[in-house]
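Enquirer: The lines below spell out each chain.
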Amino acid sequence: MKRWLPLIIFVALAGFFYVGLHLNPREVPSPFIGKPAPAFTLPVVGQAGVTFAPEQNKGKVWLFNVWAPWCVACRQEHDALMQLSQAGVPIYGLNWKDKDREAAALLAREGSPYVVTADDLDGRVGIDYGVTGTPETFVIDKQGIIRMKHIGPIDADAWQNKFLPLLKELNK
Amino acid sequence: MIPELGQLALILALLLALAQGILPILGAHRGNATLMAVARPAAQGQFVFVAIAFGCLAYAFLTNDFSVENVARNSFSQLPKIYRFTATWGSHEGSILLWTLVLAFWTMAVTVFSHHLPDDMSARVIGVMGLVSSGFLAFILLTSDPFTRLNPIPADGNDMNPLLQDPGMVFHPPMLYMGYVGFSVAFAFAIAALLSGRFDAAWARWSRPWTTVAWVFLTIGITAGSWWAYNELGWGGWWFWDPTENASFIPWLAGTALIHSLAVTEKRGAFKGWTVLLAIIAFSMSLLGTFLVRSGVLSSVHAFATDPTRGIFILGFLGVVIGGSLVLYAIRVPKMESGGSFTWFSRESLLLANNVVLVAALGSVLLGTLYPLFMDAMGMGKISVGPPYFNSVFVPLIAPAMFLAGVGPLARWKQASLPEMAKRLRIAMAVSVASALLLPLTVGGFNWMASVGIGLAMWIVFTVLIGFAERLKHEQGSKLAALMRLPRGFWGMQLGHFGLAWVVAGIALVSAYETERNVKMNVGDTVHLSGYAFTFMGVEMRDGPNYRAARGTLEVSTGGKPAFVLHPEKRIYNASGMPMTEAAINYGFTRDVYAALGEELGPNEWTVRVFFKPFVGWLWLAGAMLTLGGILAAFDRRYLIALRKTGADTSPAKGAAVQGAKA
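As given, the protein sequences belong to chains X and R, one line each in that order. Mapping to full-length UniProt numbering: the first sequence position 39 is 39, numbers consecutive. Mapping to full-length UniProt numbering: the second sequence position 288 is 288, numbers consecutive.
No incorrect hints appear here.
Below, computed lysine-lysine pairings styled on DSS-like, alpha-carbon distance capped at 25 Å:
id	chain 1	residue 1	chain 2	residue 2
1	X	Lys35	X	Lys142
2	X	Lys35	X	Lys172
3	X	Lys99	R	Lys520
4	X	Lys60	X	Lys168
5	X	Lys162	X	Lys142
6	X	Lys58	X	Lys172
7	R	Lys267	R	Lys473
8	X	Lys97	R	Lys520
9	R	Lys335	X	Lys2
Calculated directly from the structure, the hints in this document are not laboratory data.
With the rest of the complex left out, here is chain X:
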């Protein structure tokens, strides 16, 4: 028996590897999926006196993109978002913990992919949405239910394989 032990250990390991191959190490399950998007009302960046609340978007499928001017990965994602918004995808931003108040200037300089950007200065709304880092993007359906959460910058691959099929289905 003892001499078979190394083989048995290896077979067990290989089993784990086989299962592991089908898992995505970047996929952190969100308890918010399938739940209504938490409500909030926040001022809008760059437009004094205007506020944004998710209820305003009832009846349409939209993307909620959590970003920050200090976030390098968000800059990477910026070009992709610009293209999407020009293609007519409604993207709403959440400007998360922008202590240095740079968002308005940055959007004016680099162009804004957002319909509006809500200003979450103290990060409370981010906490309500379970944000672990920036960028994160939520897909919210016509009933205001969160249908998907994407962690990290949106690249061509994620857009083609994750977002597009879901958006097509939700917009049916």
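We have chain X already, so just place chain R on it with the hints.
Expert: Just chain R now, with coordinates in the frame of chain X:
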């Protein structure tokens, strides 16, 4: 045209590898000298064709042939020439091709330096390596073709990952692969021994120098990798316990255990089964490391979850190679009779203890590396295992090995006497305890970790000195001449252990006494750290070959006198837009002063990180010492004599072939 030639060369290499893998093993089994004679020419031909394929890919990179997808994805026309060359193995496809090239190179070396072996042994060894190579070539051709063309042809490439654009990266991967793949020779020897059923001291003597050379390359590779992380990542760290690093460290631990266990098998004929198992484990860990890094199971920029073909192929290959070897092991191990007997306190038992400690340490690193995967696979959530786990589990586990490294070389084979050893070692013990208590006070105050580290390091250093002294005690005449006459194997062990002491001392000191500050600085601001004053002189823009850099200037003074100037950089690479930190370091024997630029906060206002790293340079100097020790040990006279003898009887190898076949 050239890329197609490369692909053709790969197909021919695969056919030769299959011939090399199947025919000689069959020949050795049947005692057919003609089939066994296929081994060498097939292996050499395979090497030529893999080298042609690699050359074709390198040519495509050097000439900016963006019609090749791999080049378009991983290179860029403005990339400096040296990085265009290293980009050849910067991608998944290229690195697997490099792996295969290195394997073919090792096989080639075996064909040249194995004429002193019985022909059935060398046929089996070369055959096993041919089978491993067939697997890799098939993997390349079926799932990771580096020569796929693109249509339409892009105007320019996506650039090489800026992290990899560092001189350290030129040598690091080839060295690491030389080490990883070098364990395939020890593995092939072990499998050949299992196949033939002959386990003798000769087998251990043959595979020992190969194992040591592979270990040397792996040591260089790990040292270079750590140096790269220290210089390039900008955090002042030199080891992060990340899966990629662990993937090289685990085989290193297995290889270290194997070197020690081979010593017992060669000298005393004991631990045969264990040594064979370790040889299998060392190479399996190399394959596993490749699997972990290349399949994306652990963490990677793009997971293969959407396309797990490659991962499944490697896993299947692992199953065949490792699973097959372990089955063979389980079947054959009862046939091995254990060699010389020994008592509970002897060099054998101490080396066995060393092996147990090393394997336990290996297990702890493996567990920490794979734990997130286990939890995820069982649906128990996502976790990550970080440095706190490794530091608190690995360090105490490996510490006894340091103690044993002092005792083992001084103990007799078969039976040592405890009271006698205690007498020989009491001065070393007294000196190391005293240093552990007193030396930290002279560096920067008592620190528990520094104390243990210094104590163990001094223990090894003094036992190494005792080893030399005892060898010279009965020598007549010039002690220096006698010192130079000591066998290289002995020198190698002594230097290796000294290098180990050095690295332990370096790690303990830098971890205990390093200091850092992370501050916001305006032009003219000064920050003080461990006796150094850093004055921020501002940042200017500068163009590199394929990037734009913000280059900061920090004037550093100590004791009121200007000492040196540091220029940390923040680079933005043109093609990818990726920002990179380029640290500025003033190196010294007893300390490094390290600065990195953080973020730009406003005009002329930056966050700046400054580090004071005492004795950090010792880590890499000690790595060089370990390397030197390994080289000396690998080129001990007794191995060279065996080789030289074969020079004379290369031609009448046929006679040996018949002999080998009969056996």
